[in-house]
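Chains A and B are the protein sequences, given in the same order.
Counting with this note's numbering, you get residues 3 to 400 for the letters of the first sequence.
Counting with this note's numbering, you get residues 3 to 400 for the letters of the second sequence.
A few of these clues could be false.
Residues on chain B that point at chain A, a partial pick, calculated with CB under 10 Å [to be verified]: (1) G153; (2) Q157; (3) A158; (4) T161; (5) T164; (6) G165; (7) V257; (8) G370; (9) H373.
By construction, these hints were calculated from the structure, which means they are not laboratory data.
Beta carbons are placed, not taken as given, at the ideal position from N, Cα and C, and that holds for glycine.
Listed here are the chains, written in short residue letters.
Number of protein chains: 2
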Amino acid sequence: MTDPDRFLADFHKLRSFGAAGVGKGVVRPAYGDADVGARQWLASRMTEAGLRVEVDPMGNVFGLAGAGSLLVGSHSDSQPEGGWLDGALGVIAGLELARAAKETGGPPVSCVSFQDEEGRWGVTTGSAVWAGNIEQDKADALTDHAGIALGDARQAMDTMVTGPVDPAQFGGFIEMHIEQGPHLDTTGERIGVVTDIVGIRDMKVTFEGQQNHAGTTPMHLRRDAFQALAAFNASIEERFRNVVTPRTVWTIGHVSLHPNASSIVPGRAVFSMQWRDADGDRLKRMEEIIRDTAAEVADARGMTLSFGPMLGLEPVEMDARLRGALETGAEEVAPARWRRMPSGALHDATNVSRLMPVAMLFVPSIDGISHAFAEDTREEDLVAGLKVLDAAVQRLRR
Amino acid sequence: MTDPDRFLADFHKLRSFGAAGVGKGVVRPAYGDADVGARQWLASRMTEAGLRVEVDPMGNVFGLAGAGSLLVGSHSDSQPEGGWLDGALGVIAGLELARAAKETGGPPVSCVSFQDEEGRWGVTTGSAVWAGNIEQDKADALTDHAGIALGDARQAMDTMVTGPVDPAQFGGFIEMHIEQGPHLDTTGERIGVVTDIVGIRDMKVTFEGQQNHAGTTPMHLRRDAFQALAAFNASIEERFRNVVTPRTVWTIGHVSLHPNASSIVPGRAVFSMQWRDADGDRLKRMEEIIRDTAAEVADARGMTLSFGPMLGLEPVEMDARLRGALETGAEEVAPARWRRMPSGALHDATNVSRLMPVAMLFVPSIDGISHAFAEDTREEDLVAGLKVLDAAVQRLRR
Chain A
3 MTDPDRFLAD FHKLRSFGAA GVGKGVVRPA YGDADVGARQ WLASRMTEAG
53 LRVEVDPMGN VFGLAGAGSL LVGSHSDSQP EGGWLDGALG VIAGLELARA
103 AKETGGPPVS CVSFQDEEGR WGVTTGSAVW AGNIEQDKAD ALTDHAGIAL
153 GDARQAMDTM VTGPVDPAQF GGFIEMHIEQ GPHLDTTGER IGVVTDIVGI
203 RDMKVTFEGQ QNHAGTTPMH LRRDAFQALA AFNASIEERF RNVVTPRTVW
253 TIGHVSLHPN ASSIVPGRAV FSMQWRDADG DRLKRMEEII RDTAAEVADA
303 RGMTLSFGPM LGLEPVEMDA RLRGALETGA EEVAPARWRR MPSGALHDAT
353 NVSRLMPVAM LFVPSIDGIS HAFAEDTREE DLVAGLKVLD AAVQRLRR
Chain B
3 MTDPDRFLAD FHKLRSFGAA GVGKGVVRPA YGDADVGARQ WLASRMTEAG
53 LRVEVDPMGN VFGLAGAGSL LVGSHSDSQP EGGWLDGALG VIAGLELARA
103 AKETGGPPVS CVSFQDEEGR WGVTTGSAVW AGNIEQDKAD ALTDHAGIAL
153 GDARQAMDTM VTGPVDPAQF GGFIEMHIEQ GPHLDTTGER IGVVTDIVGI
203 RDMKVTFEGQ QNHAGTTPMH LRRDAFQALA AFNASIEERF RNVVTPRTVW
253 TIGHVSLHPN ASSIVPGRAV FSMQWRDADG DRLKRMEEII RDTAAEVADA
303 RGMTLSFGPM LGLEPVEMDA RLRGALETGA EEVAPARWRR MPSGALHDAT
353 NVSRLMPVAM LFVPSIDGIS HAFAEDTREE DLVAGLKVLD AAVQRLRR
C-alpha cells in the first residue's frame, strides 16, 4: 500500500530544491544546479526503495523494477518561474508507487523523471529524445534563450549517466499531473481521467511591409506590418467560428515588431500562431484558414508574407485498458466526483505513446493557475490522485 | 552669391564622416567619433569663412556673423542608419549662405548645426536645451538605449565648447530640410514652403490581463492582453474617422507583450500610441477618444489599464514674414512647381520658435524615403533649395 504521509513528505522535500521563497514556488530549470541536485536526491530515494537507478544520456532518471513493469512518472524540471506540482506530482507519485510495490510484492512499478519537459530547448525534449521523436545530435544543437546548447548543458549530469534505457521493459506508462486549467476546480470534481492529449500546431508568421516615418507618411500610403497583424487577428477570430468547439484554443502569444519604435511605422511583424484541438481534421481546417487569411491580408495590404516551419504534434488517444483502470479507480476513490476530459496541455506521455500504451490522470489546479509560483492543489486531492493510481495499478495486475 | 558647386562639394565632404559604405548612407549618431569629427570640420569651414565659431555646452556648433543676423541651419548628427541629407542639407546650406554673405557683404547670416536632433536621448535634445525647453541638468540625466547618460556622452565635445550662445543676436531662424515624405516627389514639385510643424502626442498604454497556459485556458475565460490591444486598435480606427483629416496620422509602432511566448496567453501588453496633427484641438479630441476607448476595452475584457506620461509638442505656425520671403523665392526659382505644406516631422525649428521667428522649406525626398541609407534627392533640387534660401535672404534685407 502507498503511504500518503511519506508521499507528501517526499513531495515537500523535492520543492526545497530551487525553492523560490515565494509561496511554494520553485525555480528549477533543466540542468541547473537545483534541477541536478533534485535528480541526485531522487536517484538516492529510488536506490533506497530497492530500485535500480539508470540515467540515460539526456538525464532522464529511471528507477527500474524489472521486465514487464508499469512505468509511472513525469518530470522534475520547472519553468523559470514554476510551481511545486507541475511534473513533480507525477514523479513523486511514481516513486511512492514503485516503493510500495517493492514493499508489498505487488505488480512491479518503475518510475521516471524526464528531463526538460518545460522546454528550455523546445518542448518535452527529454522524453522526445528517449522516444526517438528527435535525434540526440539534433537536440544537442538546440540553444536556449541565452544561446546555450543543450549538448553543452547536459554535461552537468555527466557523472550520473549510465547509458540508454530500454523501453521494451515497460508494459505501459501512466502520468499523473495537475490539470493546469480551471475545469475541475470550477466543478468541484477531484479527478480527471484523460481521454486524449490535444494536438498542437505552432508556427511563426511574418508580415513584411514598409518601414516609414510615423510623422510624414500619410495613412493611405502606409504598409504597416502591425496593422496587417491586427487585421489577420480579427479575420481569423471571425472565420474560426464555424470550425471550432468550446475546447479549441488558439493564441498569438509572441509578437515582435521591427524596428519597434514609437515614431516609426512598423516595417515587419513576426508573431506566433498556435492552435490546439483533439481532432486532427479540425487542426488541418484551422491551418487552411490561417494560411488563406494571412495571404489575403498580405495581398490587400501590399505585404510580403512568410511562414516559419510548423511544429505539429498529433493528438494522442489514451490506451483503453490503462484508462479503464484509472476510471474504475476514480469511481472507487471519488465516486461521482471525477470526469473524463482531454488534456489541453502537452505532456511527456505524448512522446512516450510512440513506445507503449499510455494514460494520464489529473487533479485540480486551484483557480486553474500553473507555470507560476502561486500554482497549488489541496493536499487531499493530491492524495486522492495517488490512491486512484494505486487502485489502477492493483487492477492492472489481474 | 552662393556657389552651388562649393555647396555640393562641402556636402559630399560631410558625408565622408561616418560613411556607411552603403549608397550615400551615413552612421553619425550624436557625440560618436564620426559626429564629433564632422563638427570639428564644420567649425574649421566656418572659421575659414570668416565666421566666429562658438560651441555651447550641448555641442551645438554656431558660425556667428554678428548682431541682427539671420540664423540658418539644422543638425549634422544622424540616425543609427541614416541618410546623407537629413539635417546635413540645412547645415551645409547655412554654411554656404553665411559664407556668401561674408564674401559679398550681404545681410549677415549666421549658421548652426544642432546636436542630437535624431534623439539618441529623446528628441531634438540639442535645440531643446538651447531653447530652454529642457534644462541641462535634466537632459544630462537622460540615458540612451545602451544606458549611457547624455551628461557623460557630451564630454566627447568638451574641448570644443566655448560657452552659452546668446539667442538675442539672431533676427530669425530658417531651416531647409528634405521632406521625408512622398508628397513633393509624387507631384513633381521641387520646393515645399512649410506652413506649420504638426503637433505630436505620444504615450505608452498598458493593458494588464491574466497570463495563462495557452493549452488549458478556454477562450471564454481568457483575459488576453494582446487581444485587448487588437480590440483597442480596431476601435480607434473606427472612431477616428469622424475627427481626422487626410493629413492626420497615428501609429502603434512599439508593442511589448509579456511574457511573449507562443505557449502562454499574454498577461500584459505595453504599446506606444502616437498621433500628429497641425490642429491642437484635433489632437485633444483624439486623446479623448484614445483614453475613452482604452477604458472601454479594459472594462469589457477585465483588464487593468494604465497610461504613461504623455509627450506633448504643440503645433508651431511659421512666421509670416520669413515664410513670405521663402514663398517669393520659391516662385522665382521654381515657378508653379512649389507648394505650401505642413511638416509632419518634428524639427529643430519647433524648439527655436520659442526664441525667435522661424520658417522652413523642403526639397523632395525620392520615394519619400528617409532614416535609411537609401535616402536621396536629385542634386538639382538641392541646389534649387539653396537658391530659394538665397533669394529669401536677399529679400529679407530690404
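| request: Could you tell me which of the numbered hints above are not met by this structure, giving the numbers in increasing order? | output: 1, 2, 3, 4, 5 and 6
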